[in-house]
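Line by line, the protein sequences are chains H and C.
All letters in the first sequence, in the order written, are residues 1 to 141 by this note's numbering.
All letters in the second sequence, in the order written, are residues 1 to 76 by this note's numbering.
Do not rely on the hints blindly, as some may be mistaken.
Partial pick of chain H residues on the chain C-facing surface, computed with a CB cut under 8 Å [what the hints assert, rightly or not]: (1) R18; (2) I22; (3) R26; (4) E62; (5) D72; (6) Q73; (7) M74; (8) P76.
Read the hints as simulated data drawn from the structure, not as lab findings.
Treat the numbers as computed from the prediction; the structure is a model and nothing was measured.
Beta carbons are placed, not taken as given, at the ideal position from N, Cα and C, and that holds for glycine.
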Amino acid sequence: MIEGIDIRVGVDLVSVQRITDIVERRGARFLTDHFSAAERRQLEAVANGRLETLSGRVGAKEALIKMLAPEDQMVPWRDIEVLAQGGRAPAARLSGAAAELAQARGLGSVDISISHEGLWAVAVAVGVFGSPGRDTKGWDR
Amino acid sequence: MNEVTRILSWIMERNPELVEPPAADDDLIERRLIDSLAFVDFLYFLEELSGKEVDMATVDVDDFRSVEAIRRRFLS
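Bound-form chain H, shown alone (with noise of 0.2 Å):
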């Protein structure tokens, strides 16, 4: 650890087999209400996989959110932007009650990973911390 520096873990392990059948039942309204139209977009165009992409997706949410670590607030998906940056690691964009909880939480910047194998799909978020408002842009790569 490096003396200053608050890094904080979140993982979340995703069952490719679940999201399947959440998909199966509630169709473009489980997309709607918990993806952006950037993130639907990015989907539409996986040709093979779409969804252990969607699972993957899914899995950085959570990822991010048990990174957070809100209390006793409910921090929708929907608030939680995850994209695909050309080849690079994706990246996470935070809005409404989840970029609240971060602002209070201090949070500076955040990295994510996401793999797939077979029927499961892992994300992990590592976020590096500050006081509530101080910028940490620069300590992360």
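Model the placement of chain C on the given structure of chain H, informed by the hints.
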């Protein structure tokens, strides 16, 4: 079948290891009877039961903590 019975059936279906339904004041989250993925589906189920859309901006974790809390918040 009333709404509470349907909620208990929903929980039992997703937790086949349960030998009996949770009590009205059992902590569903603490007992991990509704995890985050199940929660997404549960919201849709709750909307079907109540006939009303659940606005995520107006709810908190305690609204879903027990069957009784769910009944009070969404079905009364």
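Okay, the hints, checked on the actual structure:
1. R18: 5 Å, holds
2. I22: 6 Å, holds
3. R26: 6 Å, holds
4. E62: 6 Å, holds
5. D72: 5 Å, holds
6. Q73: 6 Å, holds
7. M74: 6 Å, holds
8. P76: Holds, about 5 Å.
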